[in-house]
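Read top to bottom, the protein sequences are chains Z and R. Sequence positions in the first sequence follow full-length UniProt numbering and run 1 to 195. Sequence positions in the second sequence follow full-length UniProt numbering and run 1 to 386.
Hint data in this document are derived by calculation from the structure and do not stem from the laboratory. All values derive from a computational prediction rather than experimental measurement. A couple of the hints might just be wrong.
[Unchecked claim] Short derived list, chain Z residues pointing at chain R, Cβ under 7 angstroms:
1) Pro-15
2) Thr-18
3) Gln-20
4) Thr-25
Note that the Cβ used here is the ideal one computed from N, Cα and C, for glycine as well.
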Amino acid sequence: MAMSFEWPWQYRFPPFFTLQPNMDTRQKQLAAWCSLVLSFCRLHKQSSMTVMEAQESPLFNNVKLQRKLPVESIQIVLEELRKKGNLEWLDKNKSSFLIMWRRPEEWGKLIYQWVSRSGQNNSVFTLYELTCGEDTEDEGSPKVPVSTRKEGCLLFLPEFHGLDEATLLRALQALQQEHKAEIITVSDGRGVKFF
Amino acid sequence: MDRFVWTSGLLEINETLVIQQRGVRIYDGEEKIKFDAGTLLLSTHRLIWRDQKNHECCMAIPLSLVVFIEEQAAGIGKSAKIVVHLYPAPPNKEPGPFQNSKNSYIKLSFKEHGQIEFYRRLSEEMTQRRWENVPVSQSLQTNRGPQPGRIRAVGIVGIERKLEEKRKETDKNISEAFEDLSKLMVKAKEMVELSKSIANKIRDKQGDITEDETIRFKSYLLSMGIANPVTRETYGSGTQYHMQLAKQLVGILQVPLEERGGIMSLTEVYCLVNRARGMELLSPEDLVNACKMLEALKLPLRLRVFDSGVMVIELQSHKEEEMLASALETVSEKGSLTSEEFAKLVGMSVLLAKERLLLAEKMGHLCRDDSVEGLRFYPNLFMTQN
């Protein structure tokens with residue numbers, strides 16, 4: 001698994017796995033946890049998880065250090081992420097969640113920027129096209145210039161290439177709220193029209 | 001003593017009870033006789049004496065036989081007495097306890113007091129002589145039983161009657177007993193009400209009660225089992241006793257505190273102080289109350305209560321916060337420490353060591369690692385790093 005993943009210094013600091021009673025200290029601790037969760041999930045391309053998985057994952061369970069973050073504290077970390085907009089519970093029991101290393105609104109902005117810059121307003125895309133199409137090829141790597149088949153202009157490869165559908169949908173919903181897009185149904189699924 | 005006649009003790013029509021008194025002994029002249037404990041009743045017509053142990057034994061003297069009465073004051077080991085001088089008995093007198101007596105007077109000894117009032121009433125009756133106005137019928141002078149303690153009856157009827165009498169007696173005894181008890185209850189209630197009202201007055205600081213009286217009163221309440229009304233609310237004002245005690249404590253504790261780095265837990269203080277005193281040990285409550293006054297009295301010691309509730313006595317000059325810097329240093333040197341390890345290193349009790357580490361954590365110098373291995377404290381890298 002996380003071979004290339006670089007753990008932050010806190011991960012090797014035993015107090016990191018005890019919820020700190022001093023509130024100022026706790027604030028720093030939780031901030032560090034949130035950022036660790038997001039970068040971990042980003043690298044491992046994990047967009048969703050169950051709480052059970054989380055407990056046993058190396059994320060919250062440092063086997064070498066012999067420390068685990070207790071489940072009540074995990075819940076507190078997840079709640080922090082939810083408040084920040086990076087997490088959404090997928091069920092009423094709060095047993096599984098969607099984790100978004102970028103908030104949907106942020107994704108929406110990026111998508112819309114890309115659409116505008118490439119002059120593709122008023123076009124319709126299927127969701128698949130958006131994330132997996134040629135135009136948005138080469139998953140993961142940041143903006144690499146590539147020629148488009150459209151007008152021969154250079155396009156930077158968007159970060160949202162390869163984004164999971166759940167997150168994408170929420171990003172488009174955010175745009176929809178701003179009246180910058182509309183989610184529609186197309187023949188084989190869903191699509192979106194940009195304004 | 002030969003003027004007495006046996007009687008049932010029941011009052012006749014037109015005869016009214018004036019006063020009665022328990023615990024009265026009769027003397028024949030100066031001689032003690034067997035009638036040593038009885039209830040003496042004064043009616044408008046007679047003086048009646050009934051044995052407390054045996055209610056069957058009941059005798060009376062008509063007041064008309066009384067010449068005059070005297071009071072005899074109480075002495076050491078002697079109860080107050082009334083001396084009753086009597087006319088000779090009339091020839092047709094009914095049977096009584098004594099056929100003959102050389103004395104023309106009797107003495108009534110009030111072992112349970114009540115003599116003053118009785119004398120007053122008896123004098124009154126002697127003056128009023130109501131028996132002359134309202135005669136009682138001759139036939140009623142007759143006695144019911146010839147001898148005390150025996151009802152004259154034979155056969156089954158006799159046995160039944162005896163049983164009946166016994167039952168009535170028991171009944172009467174019980175009612176009498178309960179009479180006393182209900183009187184006691186009434187008195188007790190009054191006492192409790194009174195105590196409560198005074199206790200309230202003390203608490204509200206109304207009314208003129210001096211410090212000394214307050215202490216005395218509180219001790220009375222305590223001895224009666226009523227809890228001290230002046231508790232935590234008024235510790236600030238304290239009492240003389242606690243103030244003195246506080247000053248005493250300074251004397252006892254100054255040196256030991258210096259030896260222990262300026263701080264001691266209250267339990268250590270308690271042990272030390274009581275060991276020093278030897279006798280007249282201090283109660284924990286008194287110690288705490290005295291300590292609460294230390295700061296107010298501007299003494300060189302003070303009481304400090306940690307968040308955990310642990311209480312310590314500190315030298316005024318002792319600054320626990322300054323200790324934190326050195327605590328942090330010690331912990332940093334070793335990477336991390338438990339309370340026990342820290343206590344050992346610094347030479348403190350584990351209790352105080354833990355309090356110091358907790359205080360350092362509260363101030364943000366340390367953070368904790370709580371696991372199955374125990375509670376360890378680390379320098380707070382969350383704040384210092386990044």
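Cross-check of the supplied hints:
1. Pro-15: 4 angstroms, holds
2. Thr-18: 4 angstroms, holds
3. Gln-20: 6 angstroms, holds
4. Thr-25: 5 angstroms, holds
Checked against the numbered hints above, the structure violates none of them.
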